[in-house]
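Undergrad: Which chain is which? The protein sequence lines are P and W, in order. Here the first sequence stands for residues 0 to 296, numbered as in numbering that gives the first Met the number 0. Here the second sequence stands for residues 0 to 246, numbered as in numbering that gives the first Met the number 0.
Careful: at least some of the hints might be erroneous.
As the list claims (entries may be wrong) - Think about it this way: if two alpha-carbon atoms lie no more than 20 Å apart in a straight line, the pair counts; the simulated EDC-like pairs of lysine to aspartate or glutamate are:
hint	chain 1	residue 1	chain 2	residue 2
1	W	K69	P	D201
2	P	K98	P	D125
3	W	K153	W	E165
4	W	K69	W	E234
5	W	K133	P	E212
6	W	K69	W	D110
7	W	K69	P	E212
8	W	K153	W	D115
9	W	K228	W	E47
Calculated from the structure, these hints are not laboratory results. All values derive from a computational prediction rather than experimental measurement.
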Amino acid sequence: MSGPRTAPSQRPAALLPAEDARDGALVFIVAVLCFLACLSVVAALAADRAAHGWRTELRGSATVVVRPGPDETADAAAARAAEALAAVSGVDEVEALEKDKAEQLLEPWIGRDALPEDLAIPRLVDVELNPERPATAAALDAALKAARVDATVDDHTMWLKDILRAAFLAQVAAVAIAALVAVAAGAVIAFATRAGLQARGDLVSVLHLAGAEDGYIAGLFQMRFARLAATAGLAGAGGAALVTALARLAGGGEGLTPVLPVAWSDLLPLLACPIVAGAIAAIAARLTALSLVRSMT
Amino acid sequence: MSRTADASERPDEMPGAAGLAGAPVVSFDHVGLRYGTAPEVLKNLTFELEAGSFHFLTGPSGAGKTTLLKLIHVALRPTRGRIALFGRYTERLTRQELPALRRRIGMVFHDRRLLDHLNAFDNVALPLRLAGRKAGGYAGDVAELLAWVGLGEKMTAYPMTLSGGEQQRLAIARAVVGRPDLLIADEPTGDVDHDMAVRILRLFVELNRLGTTVLIATHDRELVARSGKPVLHIEHGELRLPADAAA
Numbered sequence: 000m001s002g003p004r005t006a007p008s009q010r011p012a013a014l015l016p017a018e019d020a021r022d023g024a025l026v027f028i029v030a031v032l033c034f035l036a037c038l039s040v041v042a043a044l045a046a047d048r049a050a051h052g053w054r055t056e057l058r059g060s061a062t063v064v065v066r067p068g069p070d071e072t073a074d075a076a077a078a079r080a081a082e083a084l085a086a087v088s089g090v091d092e093v094e095a096l097e098k099d100k101a102e103q104l105l106e107p108w109i110g111r112d113a114l115p116e117d118l119a120i121p122r123l124v125d126v127e128l129n130p131e132r133p134a135t136a137a138a139l140d141a142a143l144k145a146a147r148v149d150a151t152v153d154d155h156t157m158w159l160k161d162i163l164r165a166a167f168l169a170q171v172a173a174v175a176i177a178a179l180v181a182v183a184a185g186a187v188i189a190f191a192t193r194a195g196l197q198a199r200g201d202l203v204s205v206l207h208l209a210g211a212e213d214g215y216i217a218g219l220f221q222m223r224f225a226r227l228a229a230t231a232g233l234a235g236a237g238g239a240a241l242v243t244a245l246a247r248l249a250g251g252g253e254g255l256t257p258v259l260p261v262a263w264s265d266l267l268p269l270l271a272c273p274i275v276a277g278a279i280a281a282i283a284a285r286l287t288a289l290s291l292v293r294s295m296t
Numbered sequence: 000m001s002r003t004a005d006a007s008e009r010p011d012e013m014p015g016a017a018g019l020a021g022a023p024v025v026s027f028d029h030v031g032l033r034y035g036t037a038p039e040v041l042k043n044l045t046f047e048l049e050a051g052s053f054h055f056l057t058g059p060s061g062a063g064k065t066t067l068l069k070l071i072h073v074a075l076r077p078t079r080g081r082i083a084l085f086g087r088y089t090e091r092l093t094r095q096e097l098p099a100l101r102r103r104i105g106m107v108f109h110d111r112r113l114l115d116h117l118n119a120f121d122n123v124a125l126p127l128r129l130a131g132r133k134a135g136g137y138a139g140d141v142a143e144l145l146a147w148v149g150l151g152e153k154m155t156a157y158p159m160t161l162s163g164g165e166q167q168r169l170a171i172a173r174a175v176v177g178r179p180d181l182l183i184a185d186e187p188t189g190d191v192d193h194d195m196a197v198r199i200l201r202l203f204v205e206l207n208r209l210g211t212t213v214l215i216a217t218h219d220r221e222l223v224a225r226s227g228k229p230v231l232h233i234e235h236g237e238l239r240l241p242a243d244a245a246a
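Work out the full structure, taking the sequences as your base and the hints as a guide.
TA: Below you can see the structure in the form of structure tokens.
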């Protein structure tokens, strides 16, 4: 009756058996969710970058619309305005636009040769502000009034507010989508944990009767789904990284589109995806398993 | 035989447990069990199993033997009366305390409850893993025990590939591998031949000599007679102590 007394050399088998078919579907679903979440994060970063670029561009300049008085030519009024503005602290460069340039600016809306020769077109003065200490619109306005120039200063504040609001909303939307996807991933894992536990009621019962604690049993499901989600997170992040890289390469220096410029550094946050996915899965699986195991004998 | 606690105090430990050293391992005090509104399947059971004792539990099919063992294993709770294990009243045990208590009990289930995805070695090692022991520390003990029950050459076999008798021996090995303080077995020799039944009985007796309290439910009258151990006899849910088998 006695046989060889050599213990098997392999490591102890996993107490929770693998569910191959179900696991494959779960990995696919979580990978797709991770892919979408990663793209949302990239979009949020791109929106932030775009907003920063617009802000810098708009804050660095102002446009002055000069209306010539009855006793002087438009060129003379623009020249006087440029002179007054150049003396203001915080102004780096001033350029009074020639009539031709002003007409070029109107051309996209009105068309070439559509303007009557005698139409009084306001002259524009382009003001480049010091990026460190830019002059305020009030200072520019005061200088123009002191020089008795009838003009309106546009420091782009109105546009800047709208653009920044739009960029902020784009960021919020992207982060909200990422958060929703994370919650959806957690719900999928919780559902899978519940199904796994119910399918393995016999195992849970034996472990309980053999003296396993609730936390130990929940830990089995927690580790299993954390590993699955981390694998899915790796796949999803890999897919998102590929799409991001293609967008960067296809769009040259400004990314796929200047509206949402993508940078290589946007790939770095994607490295966290497997860890975040694993952590979300671990928490969802543990909470679900604990509540269910406690209701089992 | 019974020592009823003051119901107004409802202490966690039995009166006179004195640090649990002198307390009986199992104490039933007017225990009854019914499912829903059905008649009681166990009625007014009062008995104690002293530490280091060895008893057989006999009775016809349907008498309540398995149900009684489940009550001892805290897989069921009584609908009346009190049960104390190792000096602790089971109704006072919290869910957190239950696993540690169950790890002191080795149970051979009538339906074996082996885990099909684990091989024989891992099935037997399960209680030791749950007790937190490392594989390197228990591998030799598990292999030796498997050899002792005649499964030395089937350590890597899975339960589904084993015969009924082999599965039974595997379940017994799992129940005794942790040298429990209390061993309860439900028909442990039902599917094995006479020689193996005698061998398994010797294993239980050896464990008992080492201090384990043993309670075995069986139909095998010859085994009971051969052992000369006391008998708890149950019929229609009521306990009857045969005069010739008093503890």
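Undergrad: Now tell me, hint by hint, if it's right for this structure.
TA: Verification of the hints:
1. K69/W - D201/P: holds, 16 Å
2. K98/P - D125/P: holds, 13 Å
3. K153/W - E165/W: Holds, at about 9 Å.
4. K69/W - E234/W: Holds: K69/W and E234/W sit about 17 Å apart, inside 20 Å.
5. K133/W - E212/P: With Cα atoms ~17 Å apart, K133/W and E212/P stay inside 20 Å; holds.
6. K69/W - D110/W: holds, 13 Å
7. K69/W - E212/P: Holds, because 18 Å separates the two Cα atoms, which is no more than 20 Å.
8. K153/W - D115/W: With a Cα-Cα distance of about 14 Å, the restraint between K153/W and D115/W holds, given a limit of 20 Å.
9. K228/W - E47/W: Satisfied, since the Cα-Cα distance of roughly 15 Å is no more than 20 Å.
Hint compliance for this structure: every hint is met.
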